[in-house]
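Given the coordinates of chain A, work out where chain B should sit on it, guided by the hints.
Here the protein sequences come in this chain order: A and B. For the first sequence, this note's numbering assigns the number 1 to the initial residue and increments by one for each residue that follows. For the second sequence, this note's numbering assigns the number 1 to the initial residue and increments by one for each residue that follows.
Hints were generated in silico from the structure; no laboratory data involved. From the three backbone atoms N, C-alpha and C, an ideal C-beta is built for every residue, glycine too. Please note: incorrect hints may appear among the correct ones.
Said to hold, decoys possible - Just so you have them, the derived chain B footprint on chain A, three or more residues with Cβ under 8 angstroms: (1) 331 to 337; (2) 455 to 462.
What the hints assert, rightly or not - Reference excerpt, derived from the structure (chain A facing chain B, CB under 7 angstroms, subset only): (3) 253; (4) 262; (5) 342; (6) 504; (7) 508; (8) 512; (9) 515; (10) 568; (11) 591.
Claimed, not checked - Here are the simulated distance ranges between beta carbons: (12) A:455 to B:564: 47 to 53 angstroms; (13) B:274 to A:458: 31 to 37 angstroms; (14) A:458 to B:278: 25 to 31 angstroms; (15) A:504 to B:327: 56 to 62 angstroms; (16) A:475 to B:414: 25 to 31 angstroms; (17) A:442 to B:473: 54 to 60 angstroms; (18) A:271 to B:396: 42 to 48 angstroms; (19) B:512 to A:250: 50 to 56 angstroms; (20) A:270 to B:217: 57 to 63 angstroms; (21) A:512 to B:476: 52 to 58 angstroms; (22) A:256 to B:457: 41 to 47 angstroms; (23) A:504 to B:564: 42 to 48 angstroms.
Protein chains: 2
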Amino acid sequence: MRRVPRAPRRPRSGAQRLGWSRPPPWPPGGCLGLPGAGCGNGRPRRWARPPPGGPCPGGCDTPSGPARAAREAGRGPAGAGRGAGRACAGAGGHGAGGAAPRARRRLGAAAGADGPPRGDAGPARRCGCPGGAAAVAAGGGAAAGRGDVAGSRPPAPGGDADGPPVRRAAAPVPRPVRPRPGRLRAPGAGPRRDGRGAAGAVQRGLAALGAGYCYERNLAVNPQGGNTGLVGGSVPVFDEIILSTALMNKIISFDKVSGILVCQAGCILEKLNEYLEDQGFIMPLDLGAKGSCHIGGNVATNAGGLRLLRYGSLRGTVLGLEVVLADGSVLDCLTSLRKDNTGYDLKQLFIGSEGTLGVITAVSILCPQKPKAVNLAFLGCQSFAKVLETFTTSRAMLGEILSACEFMDEKCMELVERHLKLSNPLTGSPFYVLIETSGSDSTHDADKLNNFLEQAMTSGLVADGTVATDAKKIKTLWSLRERITEALTHDGCVYKYDISLPVGKLYDLVMDMRARLGQSAKNVVGYGHLGDGNLHLNITAESYSHFLLDAIEPYVYEWTARHKGSISAEHGLGFKKKQYIHYSKPNEAIFLMQRFKAMLDPKGILNPYKTLPTSSEGNMH
Amino acid sequence: MRRVPRAPRRPRSGAQRLGWSRPPPWPPGGCLGLPGAGCGNGRPRRWARPPPGGPCPGGCDTPSGPARAAREAGRGPAGAGRGAGRACAGAGGHGAGGAAPRARRRLGAAAGADGPPRGDAGPARRCGCPGGAAAVAAGGGAAAGRGDVAGSRPPAPGGDADGPPVRRAAAPVPRPVRPRPGRLRAPGAGPRRDGRGAAGAVQRGLAALGAGYCYERNLAVNPQGGNTGLVGGSVPVFDEIILSTALMNKIISFDKVSGILVCQAGCILEKLNEYLEDQGFIMPLDLGAKGSCHIGGNVATNAGGLRLLRYGSLRGTVLGLEVVLADGSVLDCLTSLRKDNTGYDLKQLFIGSEGTLGVITAVSILCPQKPKAVNLAFLGCQSFAKVLETFTTSRAMLGEILSACEFMDEKCMELVERHLKLSNPLTGSPFYVLIETSGSDSTHDADKLNNFLEQAMTSGLVADGTVATDAKKIKTLWSLRERITEALTHDGCVYKYDISLPVGKLYDLVMDMRARLGQSAKNVVGYGHLGDGNLHLNITAESYSHFLLDAIEPYVYEWTARHKGSISAEHGLGFKKKQYIHYSKPNEAIFLMQRFKAMLDPKGILNPYKTLPTSSEGNMH
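Isolated chain A (complex conformation) (with noise of 0.2 angstroms):
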């Protein structure tokens, strides 16, 4: 076993960690609201020392109480974290998979003196801040590591004794373990703690051992990837042992005849399309994200990106998963065949089910042939009936070669152009649309979209536009569609929200909250992927406003779940959505993955307080 050398010592307090410079402005008697943690489920529960982080020094009792600290842990962190004069400017974005690892990386830069931000879910849930409630956790991971609380009993998974089996731990957690050096803990991305919450990069067996070490100790796990993940469901809440996929690096193997790519989970999506490249294919998935992001970390959210359009969802691209359960056994489903139809198709469960139900240790994946030719048109409508005409238009005529169709309104060209300085070549249009096209013949495809071209603009449906054929150009174009998340974390404290609606009614939910918010917000844009159906809402305001957020939230979702939309298109709940998962699912539903939870990891031990609701939770709406 290849020893893995200690990680470079860090400073040990949280708050210097994180770059606090004041203690975090918990709400005067609030809690983060979580299961086992300072309250569960309404009633008091007090901790022998307060737990990670400082919240809920006194518990709470109040029914709303768990609802209403979670959003203030929202909220918290964020602007702590950036210092006192600066509430919110939040990193990461989403970007539909676009510029969120570079504009982290940026922004942890510029954080300055302030250290560099860590436990990053990447664009905070209320107001585009680095870390969020995630954030919090890693710096009470880091309190934790300390010592002066190695003492306290770990935050039981479990829920109440006599609620919904979730997450009930079977017996009381024993004391805490301190993993050996070098064998959990090893240089990744991402929160890293020394002691008990340790992040560990390890091998596949590790794996399947640690997994099993942990059930056996009732430890907490929180699997983690590339860390890239924007919901929080890669980051630990409180003290749980970081599995990281981060050595299990190994392309296992390709099938250049049937193009099955078998791989470890902790290969980096960027490098897996490098080496496909050479072979002719490129990976199924793409993200703005894969210079870091983990293929097993993708299958785990069911990540979603730029080209699902074409080559669709990771449930029809991935073939085999191996998976490491709660109890450290391993599930071997890692078959490299198209068809398969013996029995239930285990797999799909823990594709997109965020590390809650078993750990993603090994990938097998069906990728596409590379496109010989890549053009790309940018377009500018004069209403949404005209976008949505062009993209029924476009598919029509571009039929097989058709590979993205993204649009964007003109609030977010013009963000674009005030902050990055990015010039926009068509103007006066308040709709854009951007069209891809990936073909085997470069003649054809021209023509194809020529055709198209002409079509559009002779029926009207385009008021004008330009198409790009050489890769620069193409990049250029792309940047202005990729980098309006980061555009918006210019403009000031962003409310971000990745809703899927039928296309149809796609526009109606940003017309609907610009006219609802009115003076209050300072701009309210929406761009996202139009083949997908998938709207990425996004309202900015100068500061954080309690009086903006209420009117924002739960309107926002209420909105979704009566258009039969998802509140998570391609994000999925993590940490920080889970309590909303009603607007989109019905209770029946919930309850059934209630029982999977249970069934599959028995004491809770697997990235606990993700995804699924606790029973107070539960009972929001």
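Same frame as chain A, but now just chain B:
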């Protein structure tokens, strides 16, 4: 509620209705090896009266009894079904969604005075006869319907009290319930029984009601769509109530912008396709059985077919399901969204579960644009290596317009020419490849195809070839591939296997089997979906032979397992193959499946005896 007209009175004798001229030739002292039936787990279990169909009059007590008896069951009635003079010339056939239903109808007519074949589960697992074990069940059901065993206790769906929880009866099964005429009895395809084992074509609300009704009374339910399955998954084994989806045949909505169709489960695939074609779309799957099969059944069996290479599996294209669970509750996951990452994707568990976890009552599915141009090339290759290279070249050069890649060996062509008098436009090649393109521009597609053919011919990959562009010629060429199954039925007794393998190994099994069997087999042929790595291995003999069967099995399954293939690529396991699941799935996976089954259907009332092995069968391998 619409009242279902009473079905016309039919002959009640199972023997008459199956066309048996003499009692089924059960092995002396043998039994079906079904849980709760003649024997369970190798221990004697007697019936007050013999179970339907008459097996196991004395029970058995040898550990290997159930397995061996199940084999006997598979072959016994097949021979009987064809009459004494002609043991095996089975119907149905698979043909990758080929000409199965037509062949079945044709053979039904050919059976003449023997009566129409009922309970036909397609090609028999052993010898290509209609029915097999499932046909026995239909006969048994008919016998039960006669009333002579009406007072006997129906077989308990549960297994041993101390075995795994799957199919364990929670309580003694109460006296049988006879559905009211016109309520659960209706005209419908497939086996149908009066009295206890009644066919029911019901509407959605009634499906929920019916399931709850059955759950309360511990009555087993056999969900049934078009009854075109090939492994006996849609036919009752004993006296299950058949819950037909035939009346759930409404199209709920179709969105031309997104291409998403929402419909009830009983819609016939071909009718859906016709509806969509009028709107410029097609269904993402195409099967030979499309004229009869229901979309609900397609989803429940995760049907593959001819368009899988292009549009992917149903796991990617099915966006939502409405499912009635065992207890009668309705699980509404009928979203029409391409992206929805809110919690676990529960619908995936029901896709391919063959009705053992829930009854699918409505489906939401993503439909592709109808291609404007279709071309077909029929090519001859001198070796399988060249077949593989032809496939990879076609994928590289045809790229996005490649929509099917099928192969067949010269033996297949010989049979098609000899028995069906079809004309093979090419001769002298040991292998033939059928390549279809579907695109949005006929000129472009023709260009691409010509370039590919030129490359294939000049590089010596292809020895000879012909191309079709008009619909009639395309149909003629397709029939060479689709009617292979039909030709095989004329060649004698057929042993059929539907295998998934890594593409490079696809034909090795055929050659290996040919060498192994030598003169004991009449023909060993291989054909299938090259692009999907799906081989249809068929072995014919003059008559059924124990010796030949023992030479084939379990060798063929062991060979498949050794090469990490699947013993059922697209047909599912149903009743016929459930005990062989171990060759394709590890014990941990099977155990997990059994836990899912036990959780979702604790009384084991949903399609019992299908898909998963019982504990005794589970220890076979």
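Evaluation of the provided hints:
no., hint, verdict
1, 331 to 337, "holds (count 6)"
2, 455 to 462, "violated (count 0)"
3, 253, "10 angstroms, violated"
4, 262, "10 angstroms, violated"
5, 342, "4 angstroms, holds"
6, 504, "6 angstroms, holds"
7, 508, "14 angstroms, violated"
8, 512, "19 angstroms, violated"
9, 515, "24 angstroms, violated"
10, 568, "5 angstroms, holds"
11, 591, "10 angstroms, violated"
12, A:455 to B:564: 47 to 53 angstroms, "49 angstroms, holds"
13, B:274 to A:458: 31 to 37 angstroms, "32 angstroms, holds"
14, A:458 to B:278: 25 to 31 angstroms, "26 angstroms, holds"
15, A:504 to B:327: 56 to 62 angstroms, "36 angstroms, violated"
16, A:475 to B:414: 25 to 31 angstroms, "56 angstroms, violated"
17, A:442 to B:473: 54 to 60 angstroms, "31 angstroms, violated"
18, A:271 to B:396: 42 to 48 angstroms, "23 angstroms, violated"
19, B:512 to A:250: 50 to 56 angstroms, "32 angstroms, violated"
20, A:270 to B:217: 57 to 63 angstroms, "58 angstroms, holds"
21, A:512 to B:476: 52 to 58 angstroms, "56 angstroms, holds"
22, A:256 to B:457: 41 to 47 angstroms, "22 angstroms, violated"
23, A:504 to B:564: 42 to 48 angstroms, "45 angstroms, holds"
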